[in-house]
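Chemist: Below are the chains, spelled out letter by letter.
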Amino acid sequence: MIPVGLDGYRQDYRLLSSVRQGVAIVLIAAVVAWLPGVVSAQTLEILNRAAIAAIGAIGLNLLTGTCGLISIGHAGFLALGGMVAAILSQFPWLPFPAILACSAIAGGVVGIGVGLPALRLRGLYLVLSTLAFYYLFLYGVRVWQSHLSSVVALTGLSLPAPDLGIVQITSGRAWFYLLGAALAGVSLISLNLLRSRTGRAWLAIRDHELVAASMGIHAPYFKLVAFTISSAIAGFAGALLAYYNGTFSADFYTIELSIIYFAMIIIGGLGSIFGAILGALFVTAIPPLITAAVTTVGVPSAWQVAYVIPMEVVLYGLLIVLVLLFWPGGLIALWRRAHESLRTWPLGRAL
Amino acid sequence: MLDLGAALSAGANLVAIYGLVGLGFVIIYRASGVLNFAHGAMFALGGYIGFALCEATGMPMIAACPLVALIGGAIGWLFYRAVMPTLAGQPHWVPVLVTCACGFFILAGVIELVWTPASRDFLGELGFANTIIRLPLEIDLSTIQAALLVGLIVVELTILALYRYTRIGIQMKAAAHDHHLASFRGIDIHAVFALAWSIATAIAMLAGFAYSVDQRLDLHLVVIAIKAFPAAMVGGLEAIGGLILGALIVGMSEAFATVYIDPQIGELVPFALLLLILFTRPWGLFGRPQGALRV
Amino acid sequence: MTTGPANDLLVVDRLSVAYNRGAPALHGISFAIPQGSITGLIGTNGAGKTTTLQAIAGLMRGDAARIVGGGIRFKGRDIQRQRPHNVAQLGIALVPEQRKIFGSLTVADNLRASGTGGGRRLVDIDTLYGLFPALRLRRTVAAGHLSGGERQILAIAMALLGNPDLLMIDEMTLGLSPAMCVQLAGVIRDLRDRFGLTILIVEQNAAVALDLVDCVHVIEHGSIVRSGDAQALKADRRFRDVYLGIDPTDASALYAPGSKPQRPLSAEPVMLSVRGLSIRYGGVTAVNDVSIEVRRGDFLGIIGPNGAGKTSLLNAVTGLVPVHAGAVVFEEQDITRMPLRQRVHQGIARTYQGAELFLSLSVLDNLMIGRHHRMRSGPLSNAAFIAGTLTEEISHRRRTEEVIELLQLESVRHTPAGMLPFAIQKIVGLGRALCTEPRLLLLDEIASGLTHEEKLLLARHLVRINEALGITIMWVEHDVRMVCDLATRVVALHYGRHVAEGPPDKVLASAAVQQSFFGATLVGPTSGESC
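Residue numbers (my numbering), protein chains in the order written: chain A, 199 to 549; chain B, 1416 to 1710; chain C, 14 to 544.
Watch out, some of these pointers could steer you wrong.
[What the hints assert, rightly or not] Covered by chain C, according to a simulated footprint, are these stretches of chain A (three or more residues, beta-carbon under 8 Å):
#1 406 to 412
#2 456 to 464
[Said to hold, decoys possible] From the structure, some residues in chain A lie toward chain C, with a derived Cβ separation under 8 Å:
#3 Y211
#4 I310
#5 S385
#6 I387
#7 N390
#8 L391
#9 H416
Hints are computed from structural coordinates only; laboratory data are not their basis.
Glycine included, every Cβ here is placed at the ideal spot set by N, Cα and C.
Bound-form chain A, shown alone (with noise of 0.2 Å):
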């Protein structure tokens, strides 16, 4: 029996376990950080999409993979922290990080709204009402938008670079390191809820609900939480996609923009905050990479738009419907199996 006392559990809930990992952490963010001068600018236009998309999946993945909750209406909540975002850029005596903020509490609020109907309802019923929110807002989106100017409504709402007071966010390098920041802030907020109470009542709700109502939680409050945080980050997300993109157009955020995000957090794995980065790196980073051996090869742009676009969506959909039938995991139980056999090499399987 060693006796432990504050220090010794304090301890265990540090989030660099070693002075090794920490060792490698500024290693790798050092890399990181050097890699705008090195990469070319479509590559760092890739790692910059991939990493807003990687906030949304995010937030998704904590509904998802760990409550287990579905919705299909994650564009719209896109939308939304955009159409905030695009509406307040407009002021510019309004600070960058609070229009941020702004967009991401109405996404909270908004989905505390879509998310009632979790309280009473089947999974699959839950999807429909996540369904309709998605069509009735967009719809919505699209008329005041065709309200507005005649160009606006064709173009969409323009928005200024991001201006943080000492800097103008205007360069994609500059992008690269507030996209970095902001991604590893929404990756420690989900690290701090899952290893938390809060992210233990949503892995028991996931796992055996009427169990975890007999331990005493509050299933339809926390299923609540899990929808308006969600929510709150795919607003977030979206406000900055906003930026990046410069505009802001209803047309934007389809339906297949949803199941989109769906298809990173499958693919990269479902419930881990990495693997949610993974996906949306692998599937933000295929269409560019297709693109450019296809041209490579030398097919003209017109034959692209005609067969090449089309293909990536059918290559879309069947990477998803492998993945579920065939692969569960996704490519974080790969990265694990990959690890895992490094650490136990050359013994491999013997272990």
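Model the placement of chains B and C on the given structure of chain A, informed by the hints.
Modeler: Chains B and C alone, transformed into the frame defined by chain A:
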């Protein structure tokens, strides 16, 4: 009064479409417990396959119809058998995502690849005269639209009779109720479910063909079919009997809103009704509460 | 009757079945069923009886278990890879446990749905109506509204429509009245005599089984431990003692050598009072006007054959099932209708027969869930992990560690619960309940599925929990020996009724309890087939 006729005509058309697509949706849900989000794409696919048949062989539309239905049945059967048994035992949302991916991505992408997304009209022979029939209250329906309405009633009654009186229908209900017990009693549940999917898909594809001949063919058909979900929900996903009423409510509401208020508002109506029914009576007008409420 | 291979209808050959999470369910069992016999598979809860029947009847993808070794031969043909509906068409009909029928269909439709297509017909629907007039009377009634006995008859009738050569019935008598049991036993013998059916029954009520069958196989922990002629086994005293765990003449306390608390319990206040409780579901009255009092500090055992209503009683106290009549009063507060979620705040916690852990969480996290209702930090504080959350996590972690230490779970602290052996899962379930700091701890067959050594260890834990921690325990259990050794007071239930109460030795010795376990002969003598 001109407006009333227009609203009723448009409404009748929508009722027929929402009814036929929604029927397939309900059949699949009742049989295998899956929300088939690829169903809308099947509706569109029916149009594309039908057009291709007529253009390739020159046959009139009326002759192509049974072929389209048969092909639809085969596709539905194949789709189920290829995909669904592998998903047994997985959480409920996995089939939702699989069907979403198949419908919105794979099928839509394939349609775009093969036929391009351009809108087109039916240029072949019909084999009958698609004239306007004038009904009381100044309702104008084309022959095809009237046929779809009649078809909806006929199909619904046939399905109800199938479930009530035939052995295969009773076995379908049994398999849906408890598929383990059904298996132990000698019922091949995958064959039974595949049959349900094939019937539903055949109906949807035939309806899609008829609709696109009457109006026009493009991928907008997928969106139209999605609005059938609210019709199925309002009627009650577990109850085939309520479907016509659901289609009636949703179709007419949308048509009246389109004509009397604004076309954009009209598009919203089905989803607003969906939210309304979900918040007030999620099991639909004719369903049972246990079907929708959490345990 | 000879049991040579030529006469064996079904041969199970070194069959091994594993649950999908890897835990083994059956360890290479072998037995044969001769043509025209009635065979019984008996054993306690979780021994593997139902798994055996379902493996024979066919497992599908998506089921909880799969065959990992060995074979099953029916009429000389391998069937272990066949899907259930194929096995049914080959001539094996399984009547699953809980007397399942298609509740939303009428009786007539239930019969119509069953049965294979053409070919030789064992019975048709009219013959069945003749055999079972009750079914004809109720043929337009929705099957869900039938009584328990009627449902069982319907389930058997449905199975017969499949033209089986082998009829397998799982837990036929569970929860039914003695009269119904007699009737069903008569039906079974009639089916064998009239139609030449070979029958395999699974029964937890050994008394009923031994009177009905020709030949018995006893399953324990996924292995067959004893086989033999039913009459011979019934007369074998040692078999009864070992298997049923009761020997009134053996006074040595196996589990708690030495002390049993001698405190005058009648001085303690009443903590839980169950008054005139009745529970009904599935057409069966599971608990019938039962009244029990539990005083603070009690270590109360509840025994009875399966179907006696023990688990239903527990479920009512914890709020899992609605109560038909009567009341549950905890520390002067009527909690009969209190929602499930609030009972843990009152100080009531329970374990589950199947452990029911949160499988993706580690042992530590499972235990911390027990602390959930005493923690206050909300999601916002959690998200930032600021001071409030951290301090709370640490202080509750310390309490959890005390439970880990008590139950010796240190080595599996961070293991995901899904990867633990079943016995450890049960201990973790106990720990999870303890973490809620209960005043009343309800145990649901916590010893089922454990080996003797594991039971000894568990006994030590339970005694310590009751005596050192002062937690009142109400324990539903099938292992009568263990209960009588540890508990200070015992209540015996039978067919949902309270039949005896008092110190363990007295209860065990009472005629009513003896009869509930060994039974007076419920059915007539069998035709004496031996195996």
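Chemist: State the violated hints by number, sorted upward, taking the hints as numbered earlier in the document.
Modeler: 2, 4, 5
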